[in-house]
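Asks: Position chain B relative to chain A; hints supplied.
The residues making up each chain are set out below.
2 protein chains.
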Amino acid sequence: MFDQKSSSKIRNCILRLSRYKNALYRLEKIGFVKAFSDNIADAAGETASQVRKDFSLFGITGSKRGGYQIDELIQNLNAILGKNGNQKVVIVGIGRIGRALMEYEGFKKSGIEIVAGFDIDPEKADNQISVPVFHLHELQDFIIKNDIRIGIIAVPYIAARQAFDMLVAAGIKGILNFAPIHFKGPTGIVVTNVNLEVELENLIYFVNAEEKAKEL
Amino acid sequence: MFDQKSSSKIRNCILRLSRYKNALYRLEKIGFVKAFSDNIADAAGETASQVRKDFSLFGITGSKRGGYQIDELIQNLNAILGKNGNQKVVIVGIGRIGRALMEYEGFKKSGIEIVAGFDIDPEKADNQISVPVFHLHELQDFIIKNDIRIGIIAVPYIAARQAFDMLVAAGIKGILNFAPIHFKGPTGIVVTNVNLEVELENLIYFVNAEEKAKEL
Chain A
373 MFDQKSSSKI RNCILRLSRY KNALYRLEKI GFVKAFSDNI ADAAGETASQ
423 VRKDFSLFGI TGSKRGGYQI DELIQNLNAI LGKNGNQKVV IVGIGRIGRA
473 LMEYEGFKKS GIEIVAGFDI DPEKADNQIS VPVFHLHELQ DFIIKNDIRI
523 GIIAVPYIAA RQAFDMLVAA GIKGILNFAP IHFKGPTGIV VTNVNLEVEL
573 ENLIYFVNAE EKAKEL
Chain B
373 MFDQKSSSKI RNCILRLSRY KNALYRLEKI GFVKAFSDNI ADAAGETASQ
423 VRKDFSLFGI TGSKRGGYQI DELIQNLNAI LGKNGNQKVV IVGIGRIGRA
473 LMEYEGFKKS GIEIVAGFDI DPEKADNQIS VPVFHLHELQ DFIIKNDIRI
523 GIIAVPYIAA RQAFDMLVAA GIKGILNFAP IHFKGPTGIV VTNVNLEVEL
573 ENLIYFVNAE EKAKEL
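Residue numbers (this note's numbering), protein chains in the order written: chain A, 373 to 588; chain B, 373 to 588.
It is worth saying that the hints were derived from the structure and are not from the lab. There may be inaccurate statements among the hints.
[Stated by the list, open to error] Calculated from the model, a selection of chain A residues having no Cβ within reach of chain B, i.e. all distances over 10 Å:
no., residue
1, S482
2, A488
3, K496
4, V505
[To be verified] For the chain B half of the interface with chain A, some residues (derived, Cβ under 10 Å), not all of them:
no., residue
5, R398
6, I402
7, G417
8, N448
9, L453
10, R471
11, G483
12, L548
13, E573
Idealized CB from N, CA, C, for every residue including glycine.
Bound conformation, chain A alone (with noise of 0.2 Å):
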C-alpha cells in the first residue's frame, strides 16, 4: 500500500504514462514509426520536459537524433503499466449508466471485458444487453469464483453504501464508482470516483471563474 502523498505523486504520474501511451497509439495509428518527446507532448497535452523526465524516471531513453521508436516505447509502458491479458469487470447497477458502460465499445479496445452485470431487480435487463445480469446476492460467489478484480458501481447514491460494502467484503481490488458519493478505498484497495454531475458542476464553475477573471 502507498501512503497518501506518495501514492498521489505515483497516480499522477502513472495517469500520464497512460495518456502518452494513447497518444503513442493514435501517432502509430497515422503512421508514425518513430516520435519524439515534443510529439507525444503534444499529442498528449503536457510539455515536452515532463515527457522526458516521466520517461527517464523509468529508465526509458530515446536518441537525440531519432527520438523513440514507437512499437518499443509502446510495449515500455504496458510492461511498465502492467497491463497483461483480459481484465474481466463487473458492475453492480443496470440502470442508464449501467446499461451504458455495458455496451461501451471502448471497453474492448482496450482489453477491458464486462463479464456480468448485478442488480436488486435483474428483470430490469432488456434483451438489448448482451452480458449476463444476476441478482445481487449472487455478487460474492461470481466475483470469488470468477477471480474479478475490478467493479463497478452505477447505482443511485442510496444503494452506493451497500454496493461498496459488498464489493469491498467479495475481495475486489479496484472500484470505479460512478455513484455522487467521494469513496474511499479501505488498505489495499483503489477507488477511483467519477461524479458526472461534479464534473459537470466544475466545468461551470471555471466558466465563471474565467468570467470573472476577464473582468479583473
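Replies: For chain B alone, kept in the frame of chain A given last:
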C-alpha cells in the same frame, strides 16, 4: 484567461470547494446545523488543515468553539463558485452515453438542465427521451438563440473533432467531453475530458501498481 500553471491551481481549489459544498449539503440533510473543519474534511475526503486553508484564502472564518454555520457557509461557497440559477446545457451525440446523460437525475438536482440533444441522425431518439433532439446542423443557431454556454460531447471518436469545432464556432464557453480524445480548449474555453476507458484502464494500472508495491 488563466495561464496554465495558475489555472491548474485554481482548478484544484475550485474542485475542493465544490466537494466541501456537496459535503455540507449532505451534513445539512442529516440534521447538522454547524460543522467543524474536521467534519467537512471527513465528509469531503480532505484533511482539516486543507479545508481551513482553502476557506481562509477566500476570507471564510469559523469560530474555534462553534465551528462554521452550515447555511452561511453554503451561501458563501455558492457566491465564490458563482452558481446562479439554472444552467442550460446541450448534448451532441445521442448514443447510449448521451441518452444516459439526458435522463440523469443528478443534474436536475444541481440546477443543470439538458435542454436539447443534437445528432446527425436525430431519428435515433426514441420516445423514452423527454429532451428534444435536433439535427446537428441546427446546433449553432440553437446555441446562439438560447445563449447556451455549456456543451457535452458524447459522440464516437471519429465524430468528436467535428463536434468540438462546431461547439467552439458557436461560441460555447465550456465543454464536457466524453469522446476518447483529449481536447484542449482554445483561449477562453474550458474543457473537461472524461474518458471512461482511460479511467477504467488507469484503475487497473493502480491496482497492478499496488500489488507490485506489496511484493517489494
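Asks: Next step is simple, just say for each hint if it's right about the structure.
Replies: Now the hints, each set against the structure:
For A/S482, the non-interface assignment is contradicted: its Cβ lies about 5 Å from the closest Cβ of chain B, within the 10 Å cut-off. Every Cβ of chain B is farther than 10 Å from the Cβ of A/A488; the closest lies at roughly 16 Å, confirming the non-interface assignment. Separation of A/K496 from chain B is adequate, the least Cβ-Cβ distance of about 14 Å exceeding the 10 Å criterion. With a minimum CB-CB distance of about 16 Å to chain B, A/V505 clears the 10 Å threshold, and the non-interface call stands.
The criterion of a C-beta within 10 Å of any C-beta in chain A is met by B/R398, whose closest approach is roughly 8 Å, and the hint holds. Interface hint status for B/I402: violated, as the beta-carbon distance to the closest one in chain A is roughly 13 Å, over 10 Å. The interface hint given for B/G417 is met, as the beta carbon of that residue sits about 5 Å from the closest beta carbon of chain A, less than 10 Å. Hint on B/N448 is violated. Least Cβ distance to chain A is approximately 14 Å, over the 10 Å limit.
Interface hint status for B/L453: upheld, as the beta-carbon distance to the closest one in chain A is roughly 5 Å, under 10 Å. The interface hint given for B/R471 is met, as the beta carbon of that residue sits about 7 Å from the closest beta carbon of chain A, less than 10 Å. Hint status for B/G483 relative to chain A: holds, with the closest Cβ pair at about 9 Å, below 10 Å. Interface restraint check: B/L548 against chain A, minimum CB-CB distance 5 Å, threshold 10 Å, status holds.
Of the supplied interface hints, the one on B/E573 holds, with its beta-carbon coming within about 5 Å of a beta-carbon of chain A, less than 10 Å.
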